[in-house]
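With chain A held as given, fit chain B onto it using these hints.
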Amino acid sequence: SAVISQKPSRDICQRGTSLTIQCQVDSQVTMMFWYRQQPGQSLTLIATANQGSEATYESGFVIDKFPISRPNLTFSTLTVSNMSPEDSSIYLCSVEEGRRSSYEQYFGPGTRLTVT
Amino acid sequence: GESVGLHLPTLSVQEGDNSIINCAYSNSASDYFIWYKQESGKGPQFIIDIRSNMDKRQGQRVTVLLNKTVKHLSLQIAATQPGDSAVYFCAESSNAGGTSYGKLTFGQGTILTVHP
Chain A
3 SAVISQKPSR DICQRGTSLT IQCQVDSQVT MMFWYRQQPG QSLTLIATAN
53 QGSEATYESG FVIDKFPISR PNLTFSTLTV SNMSPEDSSI YLCSVEEGRR
103 SSYEQYFGPG TRLTVT
Chain B
75 GESVGLHLPT LSVQEGDNSI INCAYSNSAS DYFIWYKQES GKGPQFIIDI
125 RSNMDKRQGQ RVTVLLNKTV KHLSLQIAAT QPGDSAVYFC AESSNAGGTS
175 YGKLTFGQGT ILTVHP
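From first to last, the protein sequence lines stand for chains A and B.
To convert, note that position 55 of the first sequence is 57 in the working numbering; the numbers rise steadily by one, no gaps.
To convert, note that position 63 of the second sequence is 137 in the working numbering; the numbers rise steadily by one, no gaps.
Derived by calculation from the structure, the hints in this document are not laboratory data.
A few of these clues could be false.
To be verified - If you anchor each label on the Cβ, the simulated ranges turn out as follows:
1. B:Gly90 with A:Glu88: 35 to 45 Å
2. A:Thr116 with B:Glu113: 38 to 48 Å
3. A:Ser83 with B:Gln155: 41 to 51 Å
4. B:Glu113 with A:Ser20: 21 to 31 Å
5. A:Pro69 with B:Lys116: 20 to 30 Å
6. B:Ser126 with A:Thr32: 16 to 26 Å
7. A:Thr19 with B:Glu113: 28 to 38 Å
8. A:Phe77 with B:Lys116: 16 to 26 Å
9. A:Thr58 with B:Gln150: 34 to 44 Å
10. B:Gln134 with A:Gln24: 31 to 41 Å
11. A:Asn74 with B:Val144: 43 to 53 Å
As the list claims (entries may be wrong) - Listed below are the simulated DSS-like cross-link pairs for lysine-lysine, each with C-alpha atoms no more than 27 Å apart in a straight line:
12. B:Lys142 with B:Lys111
13. B:Lys111 with B:Lys177
14. A:Lys67 with A:Lys9
15. B:Lys130 with B:Lys111
16. B:Lys177 with A:Lys67
17. B:Lys142 with B:Lys130
18. B:Lys145 with B:Lys130
19. B:Lys177 with B:Lys130
20. B:Lys177 with A:Lys9
21. B:Lys145 with B:Lys177
22. A:Lys67 with B:Lys116
23. B:Lys177 with B:Lys142
24. A:Lys9 with B:Lys111
25. B:Lys177 with B:Lys116
26. A:Lys9 with B:Lys116
Cβ coordinates follow ideal geometry from the N, Cα and C atoms, glycine included.
Next up, chain A with everything else stripped away, as it sits in the complex:
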């Protein structure tokens, strides 16, 4: 299975600032995904990031707030812009590995963001 790492693992940021989260995969993957997990809650998909094209955002998420880069098949970044305390969450990237009988999706360890 794919091994995914994220940087930073956690951060405490002041409101109004921006943070860029990096996601690195140990193999080439076509599709990468960014999720948000608010405290004590489930995961919500922010956007899909494909190499060579603009990210596709889910309802409630916009590019100005969460710009995404996907410069190659092993790397992506998510920026949380103009942060407010409501952005305090765990941000996770994931990748999909398609096989004959399953489409296993793997997650990174997450970036725990606290906005003060």
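The following block gives chain B in isolation, referenced to the frame of chain A:
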């Protein structure tokens, strides 16, 4: 949008017992389902998946059952161990005629606590 939900937010069992975690989904177009385990401070870990053309799939100590008639999914863990203590999420997806199941909709999660 349509969502996936769980009947029980917490489940407490004794070591060695069998555990059953339930999940209801509402999107009739969903044709792929996954169970994840999330331990504190970590990203979700893939446990087992099932396609809609199946009603049962077994893994190591785990079984997933799918009832499409009532849109219900369950995860059975045999001989539960303290190391199984975690939050368990169901997730559903539809490839909508494409090739990717990467856009997952997660349920709210069940906290499983195993007492020695």
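Hints and how they fare:
Hint check: B:Gly90 to A:Glu88, Cβ distance near 43 Å, so the stated range 35 to 45 Å holds. Roughly 20 Å separates the CB atoms of A:Thr116 and B:Glu113, a value that falls outside the hinted 38 to 48 Å. Restraint check, A:Ser83 to B:Gln155: a C-beta distance of roughly 43 Å satisfies the suggested window 41 to 51 Å. As the Cβ distance of B:Glu113 to A:Ser20 is approximately 30 Å, the hint placing it in 21 to 31 Å holds.
One distance hint, 20 to 30 Å for the beta-carbon pair A:Pro69 and B:Lys116, holds here, with the actual separation near 26 Å. For the hinted restraint 16 to 26 Å between B:Ser126 and A:Thr32, the CB-CB distance of approximately 23 Å keeps it satisfied. The given range of 28 to 38 Å is respected by A:Thr19 and B:Glu113, whose C-beta atoms sit roughly 30 Å from each other. Hint check: A:Phe77 to B:Lys116, Cβ distance near 21 Å, so the stated range 16 to 26 Å holds.
Hint check: A:Thr58 to B:Gln150, Cβ distance near 35 Å, so the stated range 34 to 44 Å holds. The hint said 31 to 41 Å for the Cβ distance between B:Gln134 and A:Gln24, and at roughly 33 Å that hint holds. Against the hinted window of 43 to 53 Å, the Cβ-Cβ separation of A:Asn74 and B:Val144 comes to about 44 Å, which satisfies the hint. Of the pairs offered as hints, the one joining B:Lys142 and B:Lys111 holds, with about 23 Å between alpha carbons and a cut-off of 27 Å not exceeded.
Restraint check: the Cα-Cα separation between B:Lys111 and B:Lys177 comes to about 18 Å, which is no more than 27 Å; the hinted pair holds. Taking the CA atoms of A:Lys67 and A:Lys9, the gap is near 19 Å; set against the 27 Å cutoff, the hint holds. For a cut-off of 27 Å, the pair hint linking B:Lys130 to B:Lys111 stands: about 19 Å separates their Cα positions. About 20 Å separates the Cα atoms of B:Lys177 and A:Lys67, which keeps this hinted pair within 27 Å; it holds.
At most 27 Å may separate the alpha-carbon atoms for a hinted pair to count; B:Lys142 and B:Lys130 meet this at roughly 11 Å. Proposed proximity of B:Lys145 and B:Lys130 is supported: the alpha carbons are some 14 Å apart, at most 27 Å. The suggested pairing of B:Lys177 with B:Lys130 holds, with an alpha-carbon distance near 23 Å, which does not exceed 27 Å. For the hint linking B:Lys177 to A:Lys9, the alpha-carbon distance of about 23 Å falls within 27 Å, and the restraint holds.
For the hint pairing B:Lys145 with B:Lys177, the CA-to-CA distance comes to about 19 Å; that is within 27 Å, so the pair holds. A distance of roughly 25 Å separates the Cα atoms of A:Lys67 and B:Lys116; the hinted pair therefore holds under the 27 Å criterion. Only pairs whose Cα atoms come within 27 Å are accepted, and B:Lys177 paired with B:Lys142 is accepted, the gap being roughly 20 Å. Taking the CA atoms of A:Lys9 and B:Lys111, the gap is about 22 Å. The hint holds against a cut of 27 Å.
Of the supplied pair hints, the one linking B:Lys177 and B:Lys116 holds, its CA atoms being roughly 20 Å apart against a limit of 27 Å. For the hint linking A:Lys9 to B:Lys116, the alpha-carbon distance of about 14 Å falls within 27 Å, and the restraint holds.
Violated hint for the displayed structure: number 2, the only one.
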